[in-house]
Each structure stands twice: as structure tokens, then as C-alpha cells.
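Novice: Protein chains in written order, with this note's numbering: chain A, 1 to 314; chain B, 315 to 524.
No lab work stands behind these hints: they were computed from the structure. Please read all numbers here as calculations on a predicted model, not as lab measurements. Worth double-checking, as some hints may not be accurate.
Pairs of lysine-lysine residues, derived as DSSO-like cross-links and limited to a Cα-Cα distance of at most 30 Å, are as follows [unchecked claim]: (1) 167(A) x 449(B); (2) 147(A) x 137(A); (3) 205(A) x 343(B); (4) 137(A) x 125(A); (5) 203(A) x 355(B); (6) 167(A) x 343(B); (7) 164(A) x 139(A); (8) 147(A) x 164(A); (9) 449(B) x 255(A).
Label-pair restraints from in silico Cβ distances [claimed, not checked]: (10) 465(B) x 170(A): 34 to 42 Å; (11) 34(A) x 484(B): 54 to 62 Å; (12) 245(A) x 343(B): 26 to 34 Å; (13) 357(B) x 62(A): 51 to 59 Å; (14) 244(A) x 434(B): 21 to 29 Å; (15) 128(A) x 488(B): 51 to 59 Å; (16) 46(A) x 488(B): 27 to 35 Å; (17) 149(A) x 430(B): 39 to 47 Å; (18) 255(A) x 317(B): 49 to 57 Å; (19) 342(B) x 62(A): 56 to 64 Å; (20) 245(A) x 470(B): 36 to 44 Å; (21) 492(B) x 63(A): 39 to 47 Å; (22) 460(B) x 137(A): 41 to 49 Å; (23) 488(B) x 90(A): 35 to 43 Å.
Glycine is no exception: its CB is placed at the ideal position from the N, C-alpha and C atoms.
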Amino acid sequence: MLRFSLLIVYIKFFAKVERGVVQVIMFGYVMPYKMELKVRDYEKFKAYYCGLCHTIKDQYGNIPRVTLNYDMTFLAILLDSLNENPLASKQIICTLHPLSKKLIIIDNEPLKYAAQCNIVLTYYKLIDNINDDNSLKSKLAVKVLKKHIKDNALNNYIKDSLNKLYKMEKEAYNYNIDEISHCFADLTAYIISDYVKNNDELKEKLYWLGYNLGKWIYIIDAWDDLEKDMQNKKFNLINALYNKDNLSFQELTRKVKENIDFILTSCAYSCFTSLKNLPIKKNQELLYNILELGLLEKMDTVFKRSEFVNGQSL
Amino acid sequence: MANPYEILGVREGASKEEIKKAYRELAKKYHPDQYGANPLKDLAEEKMREINEAYEYLMRNSSDSSSSSSFTSSNNYNNTNNYRNTNSYGSPNVYNSVRSDIQRGNYSAAETALNSMATRDAEWYYLMGMVHMRKGWYDSARNYVTTAYNMSPTNPEYRDAYNTMNRNNNNYRNNYYGRTFRDDECDFCLKLWCLDSLCECAGGDLIGCC
Chain A
1 MLRFSLLIVY IKFFAKVERG VVQVIMFGYV MPYKMELKVR DYEKFKAYYC
51 GLCHTIKDQY GNIPRVTLNY DMTFLAILLD SLNENPLASK QIICTLHPLS
101 KKLIIIDNEP LKYAAQCNIV LTYYKLIDNI NDDNSLKSKL AVKVLKKHIK
151 DNALNNYIKD SLNKLYKMEK EAYNYNIDEI SHCFADLTAY IISDYVKNND
201 ELKEKLYWLG YNLGKWIYII DAWDDLEKDM QNKKFNLINA LYNKDNLSFQ
251 ELTRKVKENI DFILTSCAYS CFTSLKNLPI KKNQELLYNI LELGLLEKMD
301 TVFKRSEFVN GQSL
Chain B
315 MANPYEILGV REGASKEEIK KAYRELAKKY HPDQYGANPL KDLAEEKMRE
365 INEAYEYLMR NSSDSSSSSS FTSSNNYNNT NNYRNTNSYG SPNVYNSVRS
415 DIQRGNYSAA ETALNSMATR DAEWYYLMGM VHMRKGWYDS ARNYVTTAYN
465 MSPTNPEYRD AYNTMNRNNN NYRNNYYGRT FRDDECDFCL KLWCLDSLCE
515 CAGGDLIGCC
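Extracted from the complex, chain B is given alone in its bound form (with noise of 0.2 Å):
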């Protein structure tokens, strides 16, 4: 890999803030995103995968460097936001920043940031499959989560994931079924008493009172 000092335009020794900071303005600047169908975008999204692995390697190098009290106050802010960096082994950064861009409706972008991915994790299969669900692509997102789910069946997120999707249909089921179910029993009724009558007719009885 190149200097990633050099590919985020920064001082080597730079703060963590600093290498935040610039980060977040190369990202703006080289999103795909943005570009359409502009030839550029291949260009921009390997741009992309640099800065950002530049970026990772920084966060994850530079904080045993940084002790000075100074960056406490940074530091907990890293933590407050990266919290979910906790279950995600292969490259959290990008997992962090894919989880924004589908916070924010991005969901391309977060797409062509997974798909740019080599590791296929439960995390991958998870956000691929949030994804997919907002999508529409109800088939392969249920396909992904229950690949992250049975990757890591006691991570609760995953779990949730898995059940929403069923629960959902559920509910809208069962609020058919539950009207219907009324007309149900109104036939019964009528197929008792036709039944009652045809009985009747052949001289037995079905129901005694009428």
C-alpha cells in the first residue's frame, strides 16, 4: 500500500480529527455516487477503495501512538459512534459507512461499497441483505440474512432481522384471515343447516330443535 498519509493529503503524525476530517472531504469529493454513468465512476470507486483503506489503517495504527490526554475527548466520540465496530471483524470503517448510506436511503452507494468488498462475513451478508430488503429484492435479502444468521445465530441484530421479515408478513396475513375468519364461521353454520335440512329431506335429522 502507498503512504496513506500521502492518500489523505495529511502530515504524517496527524490527530485522529485531522485524519477524520480529511477523510470525510475525500469521500465527498470521490463518492461514485455521484458520478452516474460518467466513466469517471470507476475511476472515483477505486479512488474509493484507497482512501479508504488509508483510513483504516491510520484509525487502527494511530490510536496506540495517541496517548496524549488531548484526544480523549475525540476518542470518546469515536467510541459513542463506532460502537457497532465491536462485531465486525473485517473492515468496520466501511461497514460504518455503508450502515449510514442506508440509513440515508444511499442505497447504491452502499451496494457498490459492499460489493468492492473481498471479505464475506455475517456483517457483508447482513447489510447486503438490508439492502436488498429496501430494494424490493425480497428473495435474495431473505437468502443473506439467514446466511448471517446461521454465520452467527447469537448476534441479536441478525436475529431480528430474520424475524422482522416473517413477522411482518405475518401481521398483514393474519389481519385478512382474521376478517375472513368471520365468514368462515357463517358458513359453517350454513353448511350445518343445509346438511340439517338435506337430512331431513331423507327422513333422518341432523339437529334435533330444528
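Next comes chain A alone, as it looks inside the complex (with noise of 0.2 Å):
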């Protein structure tokens, strides 16, 4: 009976896991527009996806595998498409996913790259939640990662910028939303661009990519979690930055959608048009179909244009 009881409760943790219920750090926001994908495309997207899970899960254990997100994946298929190298893959029985077989990408120096970015970006968003609240779940996750933050250039930059951008944030009033964006923009262009040595043009090009695809990141994930945090009485950017007056949630967004949206599609554009100047040796479509469609798919879904909402887990 017990054990029984005990495979329900791992069943619905494991679906609640499956939906994206359970995720720590909420950023998955760069993803493809599944409807204009080639099966193929969405095949592979899943599988570096599931490479990914597995990738952290070697390197770093279970517990952290729920850290997992959209995000990192494209980050790994973006810097995976600058090398020529074939795609290893395998088919698994996933402790996530009892019920079919998955196909995942392995050994592959982008997906390990884009884990340990993942590990590191956690720990310090996790930091950060410590000193807001206080809570026991971020207490007792931070311990767990902590023996894998080590002491290196990317680890350093990543918590510094972190630092600078909260440190900002509290005082939100005194900066425009792209001085405020800036920070975690040029984090995301630093962790894109730093994977590839000895490029300089290269690094450029990806840098700038970088930079506006973390500013859309940003923005549209302070436009998403708007209501909510106004509700819950928590930071949000936008709330901070554009209503002094104390506006409700609807006069906010009246307000100020028509600015958001010219950012996030300035920036789209900007990623999009940049993608297009990168010597890409694969997964070309994929990468189009998310800077192209996927992006504006996603801002659609967030400004509740779209009829039928698909931001549920692929």
C-alpha cells in the first residue's frame, strides 16, 4: 500500500515536472513555433532538450534537473550550430518519462556548456530569493548547488552582473528600462559570446544577438509575471519603472503596452537580423523558425493576442 501510494506521488510530481509546474527559475521563453516546425526540427529540438536534462543530471545530479529550461536549450542549439561536428544521439528510458523512449543528444561540448551556465544562473537567482524572503526551498537548493559554483571568469561575471542588476533594481526608479535591461542584457550576450575563443568578429556578431535576445528575455518575463507581482506585492520592472501613480493592473498596461511591445519587437527584429549574419553549419531552420516566429509567437501568447494559448511544455 505504501508503495503504491508512493508511485502516485512520484507520478504526480514527475507530471507536475513535465508541465514546467515545478521549475525554480522562470525563464523558457525561446522556443520554436511548433506550428511551422518540420517534424524533424521538433524531433531535434526535443532531443537537445532532453540532452540537456541528462547533460545536467550527469554533471551535476538529480535535484538540479529541474532547473532545466527553454532558454539554456536554445542557447546550446544556437552555439552547437557553429560547428561542423555530427550529432550523437541515443534513445533512453527516462526516470521523467516512464512511459516512452526518448532520443537525446550526448556528448556535446554547447550542451555542457549551456548546463553549467544553467547551474550557475540558478544558484544566484536562488541567492537573491534568500535574501528577498527568506524561503527554506531556496535554503536547501542553494546548498545542494553550491559545491558546483566554482571560482572562474564566466561564475564571477555572471554573479557580479547579477549583483549589479539587483542592486539596480531596488532602486528601479532612478534608471529608463534600458539602462535597467542593459545588465542582464549584456549578461546574456557575455555567457553567448564567451563560449567562443579566439573569433573576435564572431564574438561580436554573437554578442550582439546575445544582447538583445537577454533584454527580450527580461522585458517579456517582467511583462508576464506584471499581474501576478502586482497582486503578490513583489518587484516587477515595469510596475516599478512606469506607475508612480499607483495605476491598477489594467490602466498599467494600457499604459504602457504599446512601449513594451516596440522593445520586444525592436529587439526580436534585432536577433533575428543578426542571426542571419552568423556562419550557422546547422540546425538552420530550427534556429529560424524560434528568432523568426517562435519570439513573436511567444509575445502573442503573453500579450493575449492569440486565440488558443500553446505555451505548455512541448
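Build the complex: two chains, separate frames, hints provided.
Specialist: Structure (C-alpha cells):
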């Protein structure tokens, strides 16, 4: 009986994980537009996603796997598309999805890099959570992750940028939206371009793509959480910057919608144009789908313009 | 202002060509950008401002004194090179160097130069808008360009920049909607068919033929 109920708990928990309910860090916006995706590319995206999850498992253990998100999958796909190495994959039965076989990508350097970035970003996000609300869950998670945080240039850059960002957020009224989002945009740009060594031209192009993508992620995340954050009286960038007269959620969105839409579209457009300048060796259609259509689809979902919401897990 | 000839290190009554050459050399030497976070940067910035002022002063004032024929070629050169001067009143040469900085991708130098200026005319707002655009600071870029456009609505360059910003976004967006529109049509047919089926269930009929 006990065993049976444990099994139920197990299934329920992982059903939740699968739907993305249990996510420590909620950065999952960079996704393909499924309707226009070839089945081949759809399978490839899933294989990268599962591959990233298993890379995290192999390198950092089971618990950090819940920090997985789509944006890091995009990072891996983008960086991997710059080399010509053929993809190595295998079929496995994953404990998170016990009922179906999954194709995963293995032995892939960009995936390892994305896994590392994922862990470090999550770690510092959790530290910030602890500073904010002293939650026990975050404290436990930090204990688990701490041993993986090494003292290297990448980690320090992430740490410094996020600290700077959190500090700016605390006095957001002093800045405008471009100044505040610069921290996160620059950090994303650094993460994307730091993978490439000894090629300044390519680095610069990746930096520009990363800058725009980071800015897009940061702002769309704030816009997406606006209502929830206002209800819970939590920090929200858009509320902090534009709501000096204590407007209601509806009034505020009406006031700033056009502005936010313009910034996000400009960022997404720049991401797409800079993708065209990159020497892409593989994954081309998938990357084009994500930056040409996926970003806009996500915006439609977040701005509640589309009729049916397919923001759920792919 | 101190003697502009002294600042640029040329003899009094030097030709425009010579002044220009001296200016270029000094600008190369003192350009604040090459100092990075070096404390000398502030000093270089100040020096650069001085050099700019002296250069502008001389360029403005030496033209009437130089009537000899040997200057015509250099003047022609000037005219083709500085044709944009006509629409900027404040400090045309600073604007020119800002423009070439922007063209070369040296945005931080352009921004430093703009920030050090006191006059804020339409050209200033336009160039600042361009710098912010290249930096990815779209919100402030739009504000600057809109201000430039409102201050001088007849200027084709400002109007172009203003329109391009929105046009690029619209084209990008239309590509997405263009593709999803097809789905919408299917969706509409599907809905109609569903509605018809529902009506038939209820005993009526919406579309007679099926």
C-alpha cells in the first residue's frame, strides 16, 4: 500500500515537473513556433532539450534538473550550430518519462556549457530569493548547488552582473528601462559570446544577438509576471518604472503596452537579423523558426493576442 | 578661449589643409576612447573639447581670409565632405566627427562627444537616437528620434529614421502574421463546420449542402 501511494506521488510529481510547474527559475521563453516546425526539427529540439536535462544529471546530479529551461536549450542549439560535428544521439527510457522512449543528444560540448550556465544562473537567482524572502526551499537548493560553483571568470561575471542588476532593481526609479535591462542583456551576451574563443568577429556578432535576446527575455518575463507580481506586491520592473501614480493593472497595461511591444519587437527583430549574419553550419531551419516566428508567438501569448494559448511544455 | 593656433600647434595664418592635418593628428592622439578606464581619460576628454573648439573656430574664421586660388581645391573637398553642415547650426564639426564615429561603429566615442555638448538641437537628438539604436537601447532611441523629428519635421533624414524604426518592426511582424493567417482561415472553416454540426444536432441547419 505504501509502495503504491509512493508511486502515485512519484507520478504526480513528475507530471508536474513535465508541465513545468516545478521550476525554480522561470526563464522559458525562447521556443520554436511549433505549427511551422518540421517534424524533424521538432524532434531535434526535443532531443536537445532532453539532452540538456541529462547532461545536467550526469554532471551535477538529479536535483538540479528541475532548473532546466528552454532558453538554455536555445543557447546549446545556437552554439552547436557553429560547428560541423555530426550529432551523437541515443535512445533512452528516462525516469521522468517512464512510459516513452526519448531520443537525447549526448557528448556535446555546447550542452555541457549550457548546463554549467544553467546551474550558475540558478544558484545566484536562489541567493537573491533568500535575500528577499528567506525561503527554506531556496536555502536547501543553494546547499545542493553550492559545491558546483567554481571560482572562474564565467561564474564571477554572472555573479557580478546579477548582483549589479538586483541592486539596480532595488532603486529602479533612478533608471529607465534601457539602463536596467542593460545588465541582463549584457550578461546574456557575455554568456553566448564567451563560448567562442579566438574569433573576435564572430564573438561580436554573437554578443549583439545575445544582447538583444537577453533584453527580450528580461522584459517579456517582467511583462508576463506583471499581474501576479502586482497582486503579491513583489518587485516587477514594469510596475517599478512606469507605475508612479499607483495605477491598477488594467490601467498600467493600457498605458505602457505599446511601449513594451515596441521594445520587444525591436529586440526580436535584431536577434533575427543578426542570426542571418552568423556562419551557421547546422540547425538552420530550427534557429530561423525560433527567432523569426517563435519569439513573436511567445509575445502574442504573453500579450494575450492569440486565441489559443500553447505555451505549455512541448 | 586660448589662442586656437597654439592649441592646434600650427603657425598663425596656416592654410585650412594644414589646420585639418594638425587637427586629425591631435584627435588621434587624444581621442578619449583609447584610454578605456584610465584616469587620463577625463583629461583627454577635456583636451579633445579644447581641440574641437579651436578647430571649429579656425575653420569658421579662416575661410574669409583665404581668398587665394590655391584654396579652391581644398574648399571643394570641404564642400563635398561636409555637405551635412547645412542642417546643423550648433557645432557642425563635432557632429561630423560623431557621424563618422557612428559609421565606424565607435558608438561610445560618439556618445561621449554628444554628452559633452551643451546645445541640444534636432541634430543632436537625431544623432543620440542613432547611437542608442546601435546600442540596442530602443526605447530611448525612439524618444530621441521622435524629438528630432518633432523639432524639425521637414528634415527628410529624421523623418526617414523615424519611419524606418517602425517599418522594420512591422515587416518582421507581418511575416509572422502572414504565415499564421493561413491557419486562421482553416480555423474559421473548422469552426463553421463545428457550428453546422451543432446546429444539425439541434435539429436545424446552418449550411444547407452538408
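Novice: For every hint, state whether the structure bears it out.
Specialist: Each hint, compared with the structure:
1. Between residue 167(A) and residue 449(B) the CA atoms are separated by roughly 22 Å; this keeps the pair inside 30 Å, and the hint holds.
2. Pair hint residue 147(A) plus residue 137(A) holds up; C-alpha atoms about 17 Å apart against a cutoff of 30 Å.
3. Proximity of residue 205(A) to residue 343(B) is assessed by CA-CA distance (about 29 Å); at most 30 Å being required, the pair is judged to hold.
4. Annotation: proposed proximity of residue 137(A) to residue 125(A) holds, straight-line Cα distance about 13 Å (limit 30 Å).
5. Pair hint residue 203(A) plus residue 355(B) holds up; C-alpha atoms about 27 Å apart against a cutoff of 30 Å.
6. A threshold of 30 Å between alpha carbons decides the hint, and for residue 167(A) with residue 343(B) the separation of about 37 Å lies outside it, so the pair is violated.
7. In summary, the hint linking residue 164(A) to residue 139(A) is supported, as the alpha carbons are separated by about 21 Å, within the 30 Å threshold.
8. With a C-alpha separation of about 23 Å, the suggested pair residue 147(A) and residue 164(A) falls inside the 30 Å cut-off, and the hint holds.
9. Proposed proximity of residue 449(B) and residue 255(A) is supported: the alpha carbons are some 25 Å apart, at most 30 Å.
10. Against the hinted window of 34 to 42 Å, the Cβ-Cβ separation of residue 465(B) and residue 170(A) comes to about 36 Å, which satisfies the hint.
11. Here the CB-CB span from residue 34(A) to residue 484(B) is close to 24 Å, at odds with the stated 54 to 62 Å.
12. Judged by the Cβ atoms, the range 26 to 34 Å given for residue 245(A) and residue 343(B) is violated: they are separated by roughly 51 Å.
13. Here the CB-CB span from residue 357(B) to residue 62(A) is close to 57 Å, well matched to the stated 51 to 59 Å.
14. A hinted range of 21 to 29 Å for the beta carbons of residue 244(A) and residue 434(B) is consistent with their spacing of about 25 Å.
15. Checked against the hint of 51 to 59 Å, the C-beta distance between residue 128(A) and residue 488(B) comes to roughly 39 Å, which is inconsistent with it.
16. In this structure the hint that residue 46(A) and residue 488(B) lie 27 to 35 Å apart at CB holds, the actual value being about 30 Å.
17. Distance hint for residue 149(A) and residue 430(B): a CB-CB separation of about 42 Å, consistent with the stated range 39 to 47 Å.
18. As the Cβ distance of residue 255(A) to residue 317(B) is approximately 55 Å, the hint placing it in 49 to 57 Å holds.
19. In this structure the hint that residue 342(B) and residue 62(A) lie 56 to 64 Å apart at CB holds, the actual value being about 59 Å.
20. Checked against the hint of 36 to 44 Å, the pair residue 245(A) and residue 470(B) passes, with Cβ atoms roughly 39 Å apart.
21. Between residue 492(B) and residue 63(A), the C-beta spacing of about 45 Å keeps the proposed range 39 to 47 Å intact.
22. Against the hinted window of 41 to 49 Å, the Cβ-Cβ separation of residue 460(B) and residue 137(A) comes to about 46 Å, which satisfies the hint.
23. Under the hint 35 to 43 Å, the C-beta atoms of residue 488(B) and residue 90(A), about 42 Å apart, fit the expected range.
Comparing the model with each earlier hint shows violations of hints 6, 11, 12, 15; every other hint is respected.
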